[in-house]
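The listed protein sequences derive, respectively, from chains A and B. As numbered in the numbering used here, the first sequence has no gaps in its residue numbers, which increase by one up to the final residue, 267. As numbered in the numbering used here, the second sequence has no gaps in its residue numbers, which increase by one up to the final residue, 577.
Please keep in mind that the hints were generated in silico from the structure rather than gathered at the bench. Since the model is a prediction, treat every value here as computed from it, not as a measurement. Incorrect hints may appear among the rest.
With a cut-off of at most 25 Å between alpha-carbon atoms, the simulated SDA-like pairs for lysine to any residue come out as follows [claimed, not checked]:
1. K406(B) x P199(A)
2. K406(B) x A78(A)
3. K391(B) x P340(B)
4. K391(B) x K406(B)
5. K391(B) x G308(B)
6. K406(B) x H260(A)
7. K406(B) x A377(B)
8. K406(B) x T99(A)
9. K538(B) x R514(B)
10. K406(B) x A97(A)
11. K406(B) x V72(A)
12. K391(B) x H504(B)
13. K406(B) x A34(A)
14. K406(B) x A396(B)
15. K406(B) x R30(A)
16. K391(B) x F332(B)
17. K406(B) x A123(A)
18. K406(B) x T200(A)
19. K406(B) x T224(A)
20. K406(B) x W35(A)
21. K391(B) x S376(B)
22. K391(B) x T99(A)
23. K391(B) x A451(B)
24. K406(B) x V101(A)
25. K538(B) x H504(B)
26. K391(B) x Q403(B)
27. K391(B) x V101(A)
28. K391(B) x V45(A)
Some residues of chain B that are not near chain A, with every Cβ distance over 10 Å (derived) [stated by the list, open to error]:
29. R341
30. D358
31. G407
32. P528
C-beta: ideal position from N, C-alpha, C; glycine also.
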Amino acid sequence: MSTSVPVPVAESAQPTFVRAVSGLWLLTWRRRLAWRQLPILLATVLAIPVLAGLAAFGRTGQPAMFFQWVVVFFLQVALPLYCLAVLGDVIRGELQANTLVFLATRPLSRARLFLVKFLCELAWVELLGVATTMLLLAVGVALGVSQTLAMTPWLLGTTALAAVAYGALSALMGMVHRRFLVLGAIYGLVVEVGIGQIPTNINNLSINRHLRTLLANLAPFQDTYGWSPEGTLTSVLVLAMAPVVLAGLAAALFTWREYHYSEEMHK
Amino acid sequence: MNGEPVIQASGLSRWYGIVMGLNNVSFELAPGLTGLVGPNGAGKSTLMQIITGQLQPSSGALTVFGEAPWNNPRLLARLGYCPEHEALPGDLRPLEWLRGLGLLSGLTSAGALRRGEAMLETVKLPREAWGRRMGQYSKGMRQRVKLAQALLHKPGLLVLDEPMNGLDPMGRQEMAQILRDWAAAGTSIVISSHILAELESLCQDILILNWGRIIASGNQMEIRADLKDWPEELQVHCDAPDRLARRLFDSGLLLGFDLQPQAGTVTFRIKNPPAFYQQWLELLLGSGVRVYEVRGLNRSLRQIYERVTA
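All chains, please: the whole structure from these sequences, using the hints.
What follows is the structure, encoded as structure tokens:
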């Protein structure tokens, strides 16, 4: 008996960063778009816009204020929670499914593997975040909210930055502890609800505080909530740079610790 | 040892908290097919995971092709690993998965697809199953896909943890032939299995582990020769095998015996060969049975394994 395919001689190869990203992206979107996942996917993208539309339908009160409330809820609550669920699981999910071994034995350094995986999952979250924002904006147009179209580029940019910042923080939490959802809840209560509301510079630690600064550049939000756009550049820089530090720390943790299936499941 | 060692370990230990996975083991593995034998908890999987860079040694050192495996992509490019568990991404089809892993292994997109197809053919996964999601696969089919992903990037060293699990006898033969072909083409293979007879026919070298220690290692024939005081097996064809068995067992010289009354044979496992053979003729004559044939049996890998892990 012999195999029908000639046996090759051993050779070695290391992927370029782009090739590694394309490989993992292929695995990511194929899994996310599997039939079994579609109901979850649709619910994630449609839930907030549909609920917003249904709740506002036929209201004669203040659709603009309602719409703005929904946007703030999406950016400051729903999106962070989705980031936590997806990006906190960036390595833990593979670990608990016992499939990390197939990735960890590929010719990538552990830091690079983490970053590639993080970028692919982040890209997925960004796609969903942008899709949800677009649907929300469509609801705003349907509700007759003024300036909705004019707000589109700024809102999309804010959504993208929010996803990056919350995504990197979630990824770090996922690497720190397997109960990253608990860590996220503690962080939300202490930093976002607590420290972020203190009217001193310490509130710079809060991601939502920076998001509020960005949203304050849109007149409807400034008028409704009285937020100030002062320090917009600083907020953009913080939201862009903090993820680099957070993702770097998470990659360092993945390089340092083993993240082994048996330990994960027997803790 | 033929050629430079592929794997070298020196004073290698690995703890999981207070539990010891490997206990100060030192060995060298030559190129070729090496079998890793040992009961559950012996340290086989721990050793394989250190070899493939998933775990770090607690103390001591292990090198593969002269390099430490942990966080070493240059070395990982030369390794292929097939884990024992059956977990695969159930929502993916095999070619999608292999294509993604191929890209992660440095292949081009077209190359990864081509190699994925070739490897699925190599492991003889039926073509009609290629379009199904892996969550619907049987255990045997999963084993084949796992082997395909390990072979995908033409590794110089294949590390296979119980790759025969879940395969039917024909599948085991096919898998053994694939491994022989790859070994003949220059790939070194480390394989663990509980199906000891298969390792015996497949591997020229074996490493026997128990409680995190190496009990025996090297060429099978050398190990057999080294262990001169092991119990022999003796098969006797006679007219009253049960009477002979009782007589010899009462003498206290046997570890045990297996009666085959219909064949008229009894197989003795001897406790102390020198003492046994000193009294053998006397006992045989005293039993009064008519003997047609006496045959010494070679030790199998299973016997070696059972003896050293007892």
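Hints the structure fails to honour: Numbers 1, 2, 3, 5, 7, 11, 12, 16, 17, 18, 19, 28, 29, 30, in rising order.
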